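Protein chains: 2
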Amino acid sequence: MRFEVTVLGSGAAVPTLERGATSHYVNCNERHILIDCGEGTQLQMRKYKVRLQKISHICISHLHGDHFFGLVGYLSTLQLLGRNEGLTIYGPEGLEKLIRQQLEIGGAHLNFNVKFVTTNPKESELLFEDKLIEIRSIPLKHKVPTTGFLIKEKPKERNLIKEEFDKTGLSVAYIPKLRQGKDVEKEDGTIVRAEDVTLPPKRTRAYAFCSDTAYKEDIVPLIKGVDLLYHEATFTKDKIERAKATKHSTTEQAATIAKMAEVRKLIVGHLSARYKTVEKHEAETQAIFENTQVVNDGDNFIIY
Amino acid sequence: MRFEVTVLGSGAAVPTLERGATSHYVNCNERHILIDCGEGTQLQMRKYKVRLQKISHICISHLHGDHFFGLVGYLSTLQLLGRNEGLTIYGPEGLEKLIRQQLEIGGAHLNFNVKFVTTNPKESELLFEDKLIEIRSIPLKHKVPTTGFLIKEKPKERNLIKEEFDKTGLSVAYIPKLRQGKDVEKEDGTIVRAEDVTLPPKRTRAYAFCSDTAYKEDIVPLIKGVDLLYHEATFTKDKIERAKATKHSTTEQAATIAKMAEVRKLIVGHLSARYKTVEKHEAETQAIFENTQVVNDGDNFIIY
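So the protein lines, in turn, are chains C and A. Letter by letter, the first sequence follows residues 1 to 304 of UniProt numbering. Letter by letter, the second sequence follows residues 1 to 304 of UniProt numbering.
If you're looking for bench data, these hints aren't it; they were derived computationally from the structure. Treat the hints with care, as some may be off.
Note that the list lumps identical chains together, so a pair holds whenever it fits in one copy or between two copies.
List of simulated lysine to aspartate or glutamate pairs, DMTMM-like, C-alpha gap at most 25 Å [to be verified]:
1) K152 x E262
2) K141 x E104
3) K182 x E195
4) K49 x E18
5) K216 x D196
6) K49 x D297
7) K47 x E18
8) K216 x E18
9) K143 x E157
10) K154 x E4
11) K239 x E93
12) K247 x E282
13) K115 x D196
14) K247 x E104
15) K177 x E279
16) K97 x E30
17) K247 x D166
18) K177 x E157
None of these values were measured; they are calculated from a predicted model.
Input sequences plus hints: build the corresponding full structure.
Here it is, written out as structure tokens:
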């Protein structure tokens, strides 16, 4: 099953031709999720070949324009393209009112159902789950109520070793139980141990998105061991005071969070437009957490 | 003095990578005006080298998203780039509230003054004038209150013929009067006729922007003889019923308005995304009004 992340916009508050406003596309086991939707996101989707209609969940981290000004335009386009399928939007209080007002004043009536779910910036909540994935919020610390998002596979079942199972003489009806790791007692009283006829399940993969935020250590348990962590790194380490004042993070802070959380890979973005090259961000993050990459628009990460 | 128009976005309701949402930039005698501001306009300005900070007037035709969803992002960017200079926005009732709400919820406080002027969709009004230009509204006919905009030079003064003036022996203090076309009586009672010592003034140039609108003949007197007319032509002539239903115009209708108004040149845009090429639009408009051009993003017109 596929798990991939595409960076649609890697810029900070001021979008440029090189770095679009924040937006990430996530395909987790064929659940298609858009995280943040800055101005121009619908065009970035076209540019990077993400089909506009396939998104079913939109997560908005906070109500700064570079993270949501593209949402109303994207919804309008979905309507004009004839969408019928419903859509769920997770975001801060106030988002629904703003979006509905803008649609109403232009006389746009959406022919598909949009459900708004208000996020809680104070504690982590389960926002969505089905049999394959879950989406949780990650409380962040910024100038306005903000959450990140954790997109995670559901724990998987153990994998059957067919030859070993066949030797037991059990009916196939017991397979689900064994795959769940439960032992089975046969009619003759002998026990078939799950671990003898199955292999451990594949790892559950996870992606965490943390933007925008000041340095916040208490997110570490929530993102522990994720395969891919996106953490903002608006500033280089010399700008730590500016980072504090604006409630953003530096390179060192992002990398420290990644290290403490023992993630597999860190990607950083939301670089202030003052930086014309990424070398300093790369060097400063990698000095603390080696497997770090500064992202560009269009970068695609496949999680295996 | 320069008079130029740059098409920043030539598309219709659904923006694409080829055709951005509607926006035109006008430089009329160094007054810098943005007409409409669909999503992504700030990036189109960067792409086509229009300096974001130099705009002093923004005209919004109506509250359909493809004409104004980029406004709040553009204002936010101006703020982040440190603007101090005021800005006037002309647009329909309701625009100010929407924009201010979106800025407020993100905690954005603009450090420059924005004055909103509500347009009247029922009759043409003088929205702005100074010594060199004027901006007037053009009532249009669409699904929501809509106006176009006429940007026109002020009538110019006559040009002095220096040698002829010198022969009169008059003081230079009389030059302004003569340039206004008024005759001057000398002390000896002889008359110096303005037309003997001055040449007629240069033509006053004008640009008219008419989008979105159904066919509306009564705009003809308002745009009579303009140098450049932009008129929407969303549909080809075979789609006249669709044009009526959606209150848009066809190629034939746009060209007929241009012909009746005896404009110098017609440019058409806002082509429905269903059209992959412009040949039909070109042929159908030019059959009625020869000097017609279907515009693309980035097209620039200099009015002499």
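Checked hints:
For the identical chains of this complex, K152 and E262 are intra-copy neighbours only, at 16 Å inside a copy versus 64 Å across copies, given an alpha-carbon limit of 25 Å. Within a single copy, K141 and E104 get their C-alpha atoms only as close as 32 Å, which misses the 25 Å cut-off; across copies the closest is 19 Å, which meets it. In this homomeric assembly, K182 and E195 come within 25 Å of each other (Cα to Cα) only inside a single copy, at 9 Å, whereas the closest approach across copies is 107 Å. For the homomeric pair K49 and E18, the shortest alpha-carbon distances inside one copy (17 Å) and between copies (15 Å) are both at most 25 Å.
For a Cα distance limit of 25 Å, the shortest separation of K216 from D196 qualifies neither inside one copy, at 44 Å, nor across copies, at 81 Å. For the identical chains of this complex, K49 and D297 are neighbours both inside a copy (12 Å) and across copies (21 Å), given an alpha-carbon limit of 25 Å. Taking the closest pair of Cα atoms, K47 and E18 come within 25 Å of each other both inside a single copy (13 Å) and across two copies (11 Å). In this homomeric assembly, K216 and E18 never come within 25 Å of each other (Cα to Cα): the closest approach is 29 Å inside a single copy and 42 Å across copies.
In this homomeric assembly, K143 and E157 never come within 25 Å of each other (Cα to Cα): the closest approach is 42 Å inside a single copy and 56 Å across copies. In this assembly of identical chains, the alpha carbons of K154 and E4 lie at most 25 Å apart only when taken from the same copy (16 Å versus 59 Å across copies). For a Cα distance limit of 25 Å, the shortest separation of K239 from E93 qualifies neither inside one copy, at 31 Å, nor across copies, at 43 Å. In the homo-oligomer, the alpha carbons of K247 and E282 lie at most 25 Å apart inside one protomer (21 Å), although the nearest pairing across protomers, at 53 Å, exceeds that limit.
Taking identical chains as interchangeable, the C-alpha atoms of K115 and D196 are never at most 25 Å apart, the minima being 46 Å within one chain and 76 Å between chains. When the C-alpha separation of K247 and E104 is checked against a cutoff of 25 Å, the pair qualifies only between copies, where the shortest distance is 18 Å, while the shortest distance within a copy is 34 Å. For the identical chains of this complex, K177 and E279 are neighbours neither inside a copy (52 Å) nor across copies (66 Å), given an alpha-carbon limit of 25 Å. In this assembly of identical chains, the alpha carbons of K97 and E30 never lie at most 25 Å apart, being 30 Å within a copy and 40 Å across copies at closest.
Proximity of K247 to D166 under the C-alpha cut-off of 25 Å is found in neither arrangement, the shortest distances being 59 Å within a copy and 70 Å between copies. In this assembly of identical chains, K177 and E157 lie within 25 Å of each other by CA distance solely inside one copy; the values are 10 Å within and 94 Å between copies.
Going through the hint list in order, the structure does not satisfy hints 5, 8, 9, 11, 13, 15, 16 and 17.
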